[in-house]
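In order, the protein sequences belong to chains P and Y. So for the first sequence, our numbering puts the first residue at 7; every next one is plus one. So for the second sequence, our numbering puts the first residue at 148; every next one is plus one.
Check before you lean on any hint, since a few could be wrong.
To be verified - Below, computed lysine-lysine pairings styled on DSBU-like, alpha-carbon distance capped at 35 Å: (1) Lys240(Y) x Lys442(Y); (2) Lys120(P) x Lys442(Y); (3) Lys470(Y) x Lys120(P); (4) Lys173(Y) x Lys120(P); (5) Lys120(P) x Lys452(Y); (6) Lys352(Y) x Lys120(P); (7) Lys251(Y) x Lys120(P); (8) Lys294(Y) x Lys49(P); (9) Lys452(Y) x Lys240(Y).
No lab work stands behind these hints, which were simulated from the structure alone.
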Amino acid sequence: MSMSNREITYGEAVREAIAEEMRLDDTVFFMGEDVAVAGGVFKVTVGLLDEFGANRVLDTPISEAGIMGAGVGAALTGMRPIVEIMFGDFIPIAMDQIVNQAAKMCYMTGGQAKVPLTIRTTIGAGRSSAAQHSQSLHAWLAHIPGIKVAIPSTPADLKGLLKTAIRDDNPCIIYEDKLMYSMKGEVPDDSDFTIPFGVADIKREGTDVSLVATSSMVQTALAAANILEKEGISAEVVDPRSLSPLDTDTIIQSVIKTSRAVVIDEAYQSYGITGELASIIHDEAFDYLDAPVKRIGAMDVPVPFSPGLEPSTIPDEDKIVKTVQSLFRDV
Amino acid sequence: MSDSLELIQTSSDESALNLAPELCHKMFEKMVTIRRFEEAVLEVYTQGLMRGLAHLYIGQEASAVGICSALNDDDYLTSTHRGHGHLIAKGGKVDRMMAEMMGKVDGYNRGKGGTMHIADMSLGILGANGIVGGGMGMATGAALSAKLRGADQVAVCFFGDGAINQGAFLESANIASIWDLPVIFVCENNQYGEYTAAKAVTAVKEHIAERAAGFDMPALVVDGNDTVTVYETALKMVERARSGAGPCFIENKTYRYRGHHVGDGDSEKTYRTQEETDMWLAKDPIPRLSRRMLKAGMATEAELKSIDTQITQQVQDAVDFAKQSPYPTADEVTDHVYV
Numbered sequence: 007m008s009m010s011n012r013e014i015t016y017g018e019a020v021r022e023a024i025a026e027e028m029r030l031d032d033t034v035f036f037m038g039e040d041v042a043v044a045g046g047v048f049k050v051t052v053g054l055l056d057e058f059g060a061n062r063v064l065d066t067p068i069s070e071a072g073i074m075g076a077g078v079g080a081a082l083t084g085m086r087p088i089v090e091i092m093f094g095d096f097i098p099i100a101m102d103q104i105v106n107q108a109a110k111m112c113y114m115t116g117g118q119a120k121v122p123l124t125i126r127t128t129i130g131a132g133r134s135s136a137a138q139h140s141q142s143l144h145a146w147l148a149h150i151p152g153i154k155v156a157i158p159s160t161p162a163d164l165k166g167l168l169k170t171a172i173r174d175d176n177p178c179i180i181y182e183d184k185l186m187y188s189m190k191g192e193v194p195d196d197s198d199f200t201i202p203f204g205v206a207d208i209k210r211e212g213t214d215v216s217l218v219a220t221s222s223m224v225q226t227a228l229a230a231a232n233i234l235e236k237e238g239i240s241a242e243v244v245d246p247r248s249l250s251p252l253d254t255d256t257i258i259q260s261v262i263k264t265s266r267a268v269v270i271d272e273a274y275q276s277y278g279i280t281g282e283l284a285s286i287i288h289d290e291a292f293d294y295l296d297a298p299v300k301r302i303g304a305m306d307v308p309v310p311f312s313p314g315l316e317p318s319t320i321p322d323e324d325k326i327v328k329t330v331q332s333l334f335r336d337v
Numbered sequence: 148m149s150d151s152l153e154l155i156q157t158s159s160d161e162s163a164l165n166l167a168p169e170l171c172h173k174m175f176e177k178m179v180t181i182r183r184f185e186e187a188v189l190e191v192y193t194q195g196l197m198r199g200l201a202h203l204y205i206g207q208e209a210s211a212v213g214i215c216s217a218l219n220d221d222d223y224l225t226s227t228h229r230g231h232g233h234l235i236a237k238g239g240k241v242d243r244m245m246a247e248m249m250g251k252v253d254g255y256n257r258g259k260g261g262t263m264h265i266a267d268m269s270l271g272i273l274g275a276n277g278i279v280g281g282g283m284g285m286a287t288g289a290a291l292s293a294k295l296r297g298a299d300q301v302a303v304c305f306f307g308d309g310a311i312n313q314g315a316f317l318e319s320a321n322i323a324s325i326w327d328l329p330v331i332f333v334c335e336n337n338q339y340g341e342y343t344a345a346k347a348v349t350a351v352k353e354h355i356a357e358r359a360a361g362f363d364m365p366a367l368v369v370d371g372n373d374t375v376t377v378y379e380t381a382l383k384m385v386e387r388a389r390s391g392a393g394p395c396f397i398e399n400k401t402y403r404y405r406g407h408h409v410g411d412g413d414s415e416k417t418y419r420t421q422e423e424t425d426m427w428l429a430k431d432p433i434p435r436l437s438r439r440m441l442k443a444g445m446a447t448e449a450e451l452k453s454i455d456t457q458i459t460q461q462v463q464d465a466v467d468f469a470k471q472s473p474y475p476t477a478d479e480v481t482d483h484v485y486v
């Protein structure tokens, strides 16, 4: 195995993962709206059509429920489809096929059926795309037993988790933050590099507070940790990387070490991932906590269009810093 | 534009029966099996041995049997909440089906699915479905899979008149048509979506198949209680799909003699009339086939009666098998969430 690394973007990580798995396995194919000829609206899948041809890289009609259903049916019958849903905001259109069909087939059939379906979609605000193209709706599918959910924060995590998803015999969904497609990062120069689901990653070691963050919020938390360091607070940044399955142990061990935790996720705060993670930490590390677990999510408003409004709805490093500081006031 | 709507509504009852005797026997046996199985389901449900819902297929047997008799073992089908007939017609075993009805461990799904989710992946039965229109995407995907693998399999998508008003139909029919996928969309128009008349809620001139004609595929309207016509139509369309000519749509006009599900009251006193039900009872698909078999000299009345008796016993054996099968143990509850 080669130990050298290469620097690629988050978007290139998607393309490399798909291309490598398609070279490896003839049953893998890729379909979605505008993904073939145009190479995707974010230009992430440019070149796949040229390499693999129109039988394996398919432009579909704008029919999210239809293409998801076709993905489920193909997965049930010997193929490994990768279905792209352009914006995570469009997942609700395909929800029946994901929630009632894909995620339940194995269980409902007593283990007879397997659905090796990979869904890729996007999350994240910050592009003035307004309320129907900016949401982070990953909690909805993390709520459903039977589908695995990953939410990578770096090019390496994205590539490794997407390759694992494609090889997995269960339905998996990868939520990609669309603002990170041009972000660069080191990726192992190894076409067999994968990252398992259910293994969190400590993105920064620290001793005073655990910042448990997902997707682009990992980058925001790292920036906040640098600011906090100058104030003498050592923050550890924990990235769960996958929500189902969830690596509870790594999160709890970090909190046991630091005694404080702030959970940060870009989704609406109410009834979301931050609530779930905070509850797990309270349940399993209560005796170790020196302060209540704090949650930071997006404001509970539809994402506004105006550049004058949108930034205030999304968690930022300033909010993380202030929240962490509040945990130390009475000590 | 489409000149693809074809009416094959006329009954073939008075025509000569030109099918092989073995095939007619097989179809008769399957139809009687469905009828006796559903009667047994009614009985065990009424006795409290089966919980949940029981949507009976009684009256629609010609549709499942006529279509599935034109299929190969490795062809696919997706079914509906009223799916027992489709499963039996494709080769499903009545004992494992009955055990599943009762939630027993020897059921097809180890008791985890029940009546609305029975599947037998080894027979290409991708599952009954509790969501109206839920199988349309899957059938399209199975056909896409066959095409991408270069296999000559086809996928039959059974659904009712209610499902034609789901958006899933538009999306799946369009995808199947643009990619020339081997999907046979079979609309079993039993006249009622639950308790509402299809004609009251479906904007078509006369036939549901008119919808499909707009998707650039052959759309056929068939007397769905005429087993022979259903079979002959299916054979032609399955061969067409297998040859790569793309999807088609068959509307089987039929009727369910029972209610939407067992125990939901007296249909003839609420949303339909006794007169209408009697009119359809006179078109019962089983005697229609047996009369023609007798007339063609393919069987005697005694032979057909003996077949019926044997099937009745098989179904009784299935009920006994299901009754003695244990419930799954509690430790199985977390199995199969993931592969």
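Hint by hint, here is what the structure shows:
1. Lys240(Y) x Lys442(Y): 31 Å, holds
2. Lys120(P) x Lys442(Y): Given pair Lys120(P), Lys442(Y) is violated - Cα atoms ~48 Å apart, limit 35 Å.
3. Lys470(Y) x Lys120(P): Roughly 29 Å between the alpha carbons, so the hint for Lys470(Y) and Lys120(P) holds.
4. Lys173(Y) x Lys120(P): 32 Å, holds
5. Lys120(P) x Lys452(Y): Violated, at roughly 42 Å.
6. Lys352(Y) x Lys120(P): 42 Å, violated
7. Lys251(Y) x Lys120(P): 22 Å, holds
8. Lys294(Y) x Lys49(P): 28 Å, holds
9. Lys452(Y) x Lys240(Y): 22 Å, holds
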